Structures are given as C-alpha cells and as structure tokens.
Amino acid sequence: MQALQYSPLVERYFGNPVGAGRWPAGEGRVAAGEAGSEALGTRVRFELRSDGGVVTEARFQAFGCPHTIAAASWLADHLPGRSLESPMPVPILELARLLEVPTEKMGRLLVVEDALLAAVARARR
Amino acid sequence: MRAAVVYMDYAATTPVDPRVAEQMMQCLTADGCFANPSSTGHAPGNAARARVEKARAQVAALIGAEPQAIVWTSGATESNNLALLGVARAQRDRGRHLVTARTEHKAVLDPCKQLEKEGFEVTYLKPGADGIVRPEIVAGALRKDTLLVSLMHANNEIGILQDIGAVGRLCRERGVLLHVDAAQSAGKVRVDVKEQCVDLMSLTAHKVYGPKGVGALYVRRQPRPLMQPLIFGGGQEGGLRSGTLPTHQIVGMGAAYEIAARDWAAEAERLTALRRRLWAGLEPLGDVLLNGHPEERVAGLLNVSFTGVEGESLLYSLPQLAVSTGSACTSASQEASYVLRALGRSDQLAQSSLRFSLGRFSTEAEVDFAVAAVTEAVRRLRGLAPAPAGH
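Protein chains in written order, with this note's numbering: chain A, 50 to 174; chain B, 9 to 399.
Just so you know, not all the hints are guaranteed correct.
Said to hold, decoys possible - Sample of chain B residues facing chain A (criterion: CB under 7 Å; computed from the structure):
hint	residue
1	Gln31
2	Glu318
3	Glu320
4	Leu392
Just so you know, the hints here were simulated from the structure itself, not pulled from any lab data.
In this text the structure is predicted, and so the values were computed from the model without any measurement.
Yeah, the Cβ is synthetic: ideal placement off N, Cα and C, and Gly gets one too.
Please build the complete structure, drawing on both the sequences and the hints.
What follows is the structure, encoded as structure tokens:
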C-alpha cells in the first residue's frame, strides 16, 4: 500500500471544501449534471446557476478519493464568472497538474469534468 | 496524555514489551550472551545455547508441543514457505495435491502458486459469508493424492477463527498433513497442536509483543513429516534451517510467548469487551457492516465496511488513527481486499472497510476516541456525497 500523500491544494480543498452540497428543491433555476458510479469508486454531481450565459454560483457533491473531492471543489470555487461556452477555468490536465494528481488517477478527474460538462449542457438549454 | 496517533493496528505488528526488550538486551553485548549458540565447545557458547533452549521450551509450551518440535525461522512467512515447499518438494512422489483457502495470507497463497508452477495442483476453498471454511468443505476437497491442507487459524484481515481441531481430526483420519498459520492466533486464543491434530504450525514473535525478524515452525515428531530445507548451510535446526541462530531474537520470542501463555486468557476477556464497545459505538452510524463471523474471532480484531464512503477518503480523514484499510489506497486499479471479496463483499464495500485491531496497550478512552473520529469522518463524507443513484 502506498503512503497517503497529497498536495497542499488537495489538503485545503478536501479539508475545507468550497461549494459542497446542493440547493434545496424549488430555490430558483438550477442546472444539474452528474457522472460516474459508486461501484467504480467515483461519482460526482454539479449544480450551476447562471445568468446571461455566465455561471453565477456552483455547487458539487462527490463520492470519491481526496483528489476527486478536491478537484470538484476547486472547480465549484472557480466557476463563478465563467461563460457557459467556455466553462473550464483551466483545462482538466492543468487542474491535475495544480492538484498534483497521480497519472493513474486521471480517469477520476475525467469523471469530474464529465459531471461538470453535463451540468453546463443542461444550463445551456 | 494521549499520544498524537491512537494505534489500532496490533494485527499488523505490536510494540516489543519492555520486559521482552530487557531480556533481548542481555544477549547482545560483550558482557551478555552474545556467543554463537552453536559454539558448544566453550562456556559463552553454552550459555547462549541455554538461552536458546529455554526460549524453545517457552514457545513450545504455548502450543502444547515438545521443545524439540520447534524450528527457528525468520518469521511466519518463512515458516509458511518452509512448511508448504518443504513438504511438497520432499513428498512429491507420494502426491501432487494441496488444499488451502482463498482467504489465506499471501505467505501461504504465493508458495502455493509457486508449487503450481512446479507441477502441483492446489484447491483453493471458498469460505462461507462469515469467513469460516466448514470442515465438511475441506473433507470434500481431499483426494487420494492430497499431501497437505494449509488453513490459517485466525484470519489477519477479519479475525475469524477456523475450527482447526475439527479439520485436524479429519486430516489425521485421512492421512493428510495439516499445516496451520497461527501468526494471528498464538498467544491470543488456546492453541494445542496435539489436541488439534496439527502437523505443522507457523508462529511469529512480533504479533505478540516480541521482536520482528524471528518466528518458528512447529514440526510434529513421531512421525516427523518428510521435509526439504529451503536454506542450506551449517545444518542448524536439525538441518531444516541453516544459519547462525539470532540469540537475542529467539530469547525475545521466548519471553514474549511466556508472557502470552500466562496472560492471554485475561487479555482476551479485556479485549473482547473493548471490541464490543467499539462495535457498539460504530453501529449507530447506520449502514455499517461487520465483516466475518460475529463471535468466532480473536478478541481484539474488528473489520467494518462503511457504505456510502470511499475508502481512501475515509482513511485520509483519520490521520489521528493508525488502522488498516481494505483498499489499496492510491493504486490505479483500486484493487480491493481479496479476503473481503471472497466473503462476497462488493469491491466498493471491501474498499471502504477499516480493520481495527486492539492490543495490550489499548484503552476504553482510545476506543471512544476512535468511535468519535470515525463517526465524524463518515458523516462528513456521506454529507459530501450525492444521493445514491435511484434515490
């Protein structure tokens, strides 16, 4: 078993996640999207509020490893102000580099990206 | 004052008891029993030999064996290898079949795989959902060419106890040798190789407050199974295990086993109470599953799966607890514990399991601390997770 070692950014966003949770039903227009499954170890859900094609607020829920939770939280923190046409604050590979995600865990970050893009697609409708 | 980290990984290893360490120290330096115990032509060598033989008697006493039946090794891994490879290679003309269980330690499974490469056949028995391999399942697997059955006494991951006596009697009736990996049970539950009809038993020191790097293999006498050594050289240990005997290690194992023989019953009672307290504290979390038979187990070991949380995040949330996990942590494959999988747990549940193992220095306060820490971590992670699909 490898030792559990994480970057300071993962420690920060895992320890004190920004944007965790979901809005109660009926509290305004919310676009939701999700990806992954518990059986495969990673499941992520995003909720977005937008105005005029720009994200105003974002929330996430995640079942997954610390890298997954940190990545989802980092995105929820940096999404406000992004346009729905170009929602990713940084490319997912760049986020993996920022969080120092091991190469073998890249698949989990792609689940995070898929969940966000699913929410964005709903928001664009 | 509580230590920074609460240690609940006694099934992985234990600290050396200070009384044991003191005796070991007497065998290291020039003013102690440092001489080679095989140098019986002079007094210092004889003094060292006497300490080694005293330890042999101490280890034998714990398992109801004669001292001459104890062969020193470097630990249970070597003992398992010596038992399996030693018997199979020496007796290959008599049979080419062995029987073991899917939930054995790798130190049994890997020698079995090696023997398969050498032309042997191995039957890997599936335990019940409680982890127990029923004796009738063993009976059904025996063949005319079966040389040996290898079954661990206490499982290292889930702590359940196999009915060694029943399997032993069965094997004895059928003329098949029984090897028992007792690394997790010797010094924790009653072991009697004669009553339980055991032919070979692997033992280690470091699971019972002795040093790492020393163990023993009990080899039945009268009749003694035909065996080949793995290590050749000076012919120590009746030629079965060459190499200069590490007096201080052996003395440490003897001292640890003597303490265990005296204290295990009272200790088991205390640890059973602590384990029940731990389970009673964790169960109210809901959606927690006890792995393995609830009662047929060593006193201090509890393995629990937590639904709705991911294993690596759970472990990372508990820096103040030294426990083991059923996950392979950061590996890409997320390979889950093969023991829990053999019991029928899903990959996800196997991966989100924790093994708590309590020991001589565990306290009620530590158990309560662990309950509080795990409860907080599980609730937080469940709170972060989306509702399960379909809800």
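Hints versus structure:
no.	hint	in the structure
1	Gln31	33 Å, violated
2	Glu318	5 Å, holds
3	Glu320	4 Å, holds
4	Leu392	6 Å, holds
Checked against the numbered hints above, the structure violates only hint 1.
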